[in-house]
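**Q** Here is what each chain is made of, one letter per residue.
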Amino acid sequence: MQAKRSVVALSVAAAFALSACGQKEEPKPVAASAPAAKPEVVVKLGHVAPMTGPQAHLGKDNENGAVLAVEELNARGMEIGGAKVKFELINEDDQADPKQGSIVAQKLVDAKVNGVIGHLNSGTTIPASKLYADAGIPQISGSATNPKYTQQGFATAFRVMANDVQQGKSLGEFAVKQGVKTVAIVDDRTAYGQGLADEFKKAAEASGLKVVATEYTNDKATDFKAILTKIKSTKAELVFFGGMDAQGGPMAKQMKELGIKAKFLGGDGICTPEFMKLGGPATEGQFCSLPGMPLEKLAKGPEFKERFTKKFGAEIQLYAPYVYDAVMVMADSMKRADSVDPAKFLPAVGKTKYDGVTAMIEFDALGDLKGGAISIYQYKGGKLEYVETLGGSSIESAKADIKADVKEAVADVKDAAKAVAGAATAVGKEAVGDVKDAAKAAAAAGKDAVKAGAAAVKDAADATKAAVEKK
Amino acid sequence: MDIFLQQIINGLVQGSIYALVALGYTMVYGIMGLINFAHGEVVMIGTLVTITVAGSLLKAGMPVALAGLAGLIAAVLVCMALGWALERVAYRPLRNAPRLTPLITAIGMSIVLQNLAMMIWGRNYLTFPSLLPKVDFELAGANFTAIQIIIVLVSAATMGGLLLLVYRTKLGMAMRATAQNPAVASLMGVNINRVIAAAFVIGSALGAVAGVMVGTYYEIAHYQMGFMLGLKAFTAAVLGGIGNLAGAMLGGILLGIIEALGAGYIGDLTGGFLGSHYQDIFAFVVLIVVLMFKPSGLFGEKTGDRA
Chain A
8 MQAKRSVVAL
18 SVAAAFALSA
28 CGQKEEPKPV
38 AASAPAAKPE
48 VVVKLGHVAP
58 MTGPQAHLGK
68 DNENGAVLAV
78 EELNARGMEI
88 GGAKVKFELI
98 NEDDQADPKQ
108 GSIVAQKLVD
118 AKVNGVIGHL
128 NSGTTIPASK
138 LYADAGIPQI
148 SGSATNPKYT
158 QQGFATAFRV
168 MANDVQQGKS
178 LGEFAVKQGV
188 KTVAIVDDRT
198 AYGQGLADEF
208 KKAAEASGLK
218 VVATEYTNDK
228 ATDFKAILTK
238 IKSTKAELVF
248 FGGMDAQGGP
258 MAKQMKELGI
268 KAKFLGGDGI
278 CTPEFMKLGG
288 PATEGQFCSL
298 PGMPLEKLAK
308 GPEFKERFTK
318 KFGAEIQLYA
328 PYVYDAVMVM
338 ADSMKRADSV
348 DPAKFLPAVG
358 KTKYDGVTAM
368 IEFDALGDLK
378 GGAISIYQYK
388 GGKLEYVETL
398 GGSSIESAKA
408 DIKADVKEAV
418 ADVKDAAKAV
428 AGAATAVGKE
438 AVGDVKDAAK
448 AAAAAGKDAV
458 KAGAAAVKDA
468 ADATKAAVEK
478 K
Chain B
837 MDIFLQQIIN
847 GLVQGSIYAL
857 VALGYTMVYG
867 IMGLINFAHG
877 EVVMIGTLVT
887 ITVAGSLLKA
897 GMPVALAGLA
907 GLIAAVLVCM
917 ALGWALERVA
927 YRPLRNAPRL
937 TPLITAIGMS
947 IVLQNLAMMI
957 WGRNYLTFPS
967 LLPKVDFELA
977 GANFTAIQII
987 IVLVSAATMG
997 GLLLLVYRTK
1007 LGMAMRATAQ
1017 NPAVASLMGV
1027 NINRVIAAAF
1037 VIGSALGAVA
1047 GVMVGTYYEI
1057 AHYQMGFMLG
1067 LKAFTAAVLG
1077 GIGNLAGAML
1087 GGILLGIIEA
1097 LGAGYIGDLT
1107 GGFLGSHYQD
1117 IFAFVVLIVV
1127 LMFKPSGLFG
1137 EKTGDRA
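Residue numbers (this note's numbering), protein chains in the order written: chain A, 8 to 478; chain B, 837 to 1143.
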């Protein structure tokens, strides 16, 4: 018996040692080692995404986005309320399961986190948001697009991505533009897939499209032949799928195998490299949408992509930039409120005006992203190609365009002035006789040109200002 | 009509996959009355091993047919070893324990294998290399591919082979004897340990074949793919009468066809009240009805002896 007990003790000790090894080996803040004698505050940020299950690849992508943000924040070294702040990420796995989502949410609430980033899926985000709201913990999701999330009236719920009302509408408009008349809709019965499909249906029907079939699958399925056969019998010209890449890819493939020639269209869930990998050649020419502008078209996009791939040696799957921004918005709000206390910095989150990687982030009264744009992409030659940006009007991009135009105009004027000055000196050198007159004339001409240029720039600026205001 | 035919083909192929997996369940159950819930994971490991082996051989420039064959053989060998190890490590020490204990162990092994696979192969979906040429056929407006025909043929052949093994060989006789009464069989000179290990090894080899078929058909694989497949195959085995080889085959095909027809027609039959997400209702209603009138399944033998 004694021996047995000691074995148990040993194994318990071993288990402890193991779990200790499993923990991240970040140096714990030790007061003595801090030379600047400033107090250090640890800010705990909860991050939740499915780390196991069919969407684990997207969960990992989200986590990478959050890890990158936290590491950069810590490297930068922020000071809030006179104390040095160290951000710590607590990663939780909700398995994309609403029940599990609430369990880990409670865990984070009990751990007294200062803020929550996530969850990934709308289905887990919505039930979890109540727990965070009750505890007064600000929550920013980088990917939950179901409109219900922010419509529940919780002051703590925010998202940095356009919601499905905007997305469904844009996709509906896009479908009409493709010249199709009949559509079939498939959704995966998750809050996200169903929400997106419903919004798409509304938009499609409003613009005169006929919905000839509504079919359902689930977020773990691999075989879609039965519902696709049904869709085939309706001769729909376009199949819309509200769901994720793990189902979308095989679905596109099985459509081809069944000889269905309809176009395939989906939302952000299938706008991933994974979709292409799983669907193979069947994804060629298919369309999907992503909230926001393409990363390459954003000022900080390409640079973010480079940092991300350098750090993780992996491609960005989908939401990593949004999650990155979500962390940054949280930190920025704390900074502005000069407090890491959720009760104190929560009001600051609503007043965010943060120039993030994905967009200029500002929230409306509900906590939704203001003016979220939707971009449509097409799979072409094994690549995701940008087609166009729709809906939610992109004031920010317009502003950026105007800025660039003005800059260009100023540069032109400068060039002109330089040329004039050059000409003037040249003229002056040649005609030694009446140097003064020629120089004077030239200078006057130059002045006039510059003046005219300046006036033109002013006009242009006024016009663009007016345009922006109109928008 | 072409749509109906297409749905039947869909169901037949899906059902053949269920049947192939169900054979593994039913074989082990028939001999020792244990539901090996880790069988779905054995299938998954078979698929993933094939991806690794065939994928890397293809990359090295080996012809497709050879790489595919090597992948299949590797998968079968790995799964046989796995089946043997499962029996030796997880089930043999519990052979005389109450029946609930090995069942819980089986579920535990299923979780262990899933997580092991996640650590080895990662969380991402993996693409299965295209091992068979894409040949499409059309019959009266229904489309099907070469791989679908192969799946149906392979599962039928496997079942035939198993029947031969059980009813025409010495090992088969030993298996049947062990199934009837292990104690008496061992008194008659049957090495029970070896017979049970053989059942696990053969069942796992079938699982590997099923894994390769699933992989070739859907061309995707994932460390959790075995769970749902295992559950459906288990249902099929129960439907057909667990412990009976022909029953597993029939149950699998029946389940596949009921599912396909259910998904295809439930919306129209209920006037849109129930959509295709209720497709499983059909399968389980049939299961419940069968079990109500024939508790041992369609082909099940009487269960009195066993329990």
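It is possible that part of the hints are untrue.
Partner residues aside, some chain B positions facing chain A, computed with beta carbon under 10 Å [what the hints assert, rightly or not]: (1) ASP838; (2) GLY958; (3) THR963.
Reference listing, derived: stretches of chain B covered by chain A, where coverage requires no fewer than 3 residues with Cβ under 8 Å from a Cβ of chain A [said to hold, decoys possible]: (4) 840-847; (5) 1045-1056; (6) 1069-1078; (7) 1117-1126.
Honestly, the hints are just simulated from the structure, not real lab data.
For every residue, glycine included, the Cβ atom is placed at its ideal position computed from N, Cα and C.
**Q** Determine for every hint whether it applies to the structure shown.
**A** Each hint, compared with the structure:
no.: 1; hint: ASP838; verdict: holds (8 Å)
no.: 2; hint: GLY958; verdict: holds (8 Å)
no.: 3; hint: THR963; verdict: holds (6 Å)
no.: 4; hint: 840-847; verdict: holds (count 4)
no.: 5; hint: 1045-1056; verdict: holds (count 3)
no.: 6; hint: 1069-1078; verdict: violated (count 0)
no.: 7; hint: 1117-1126; verdict: violated (count 0)
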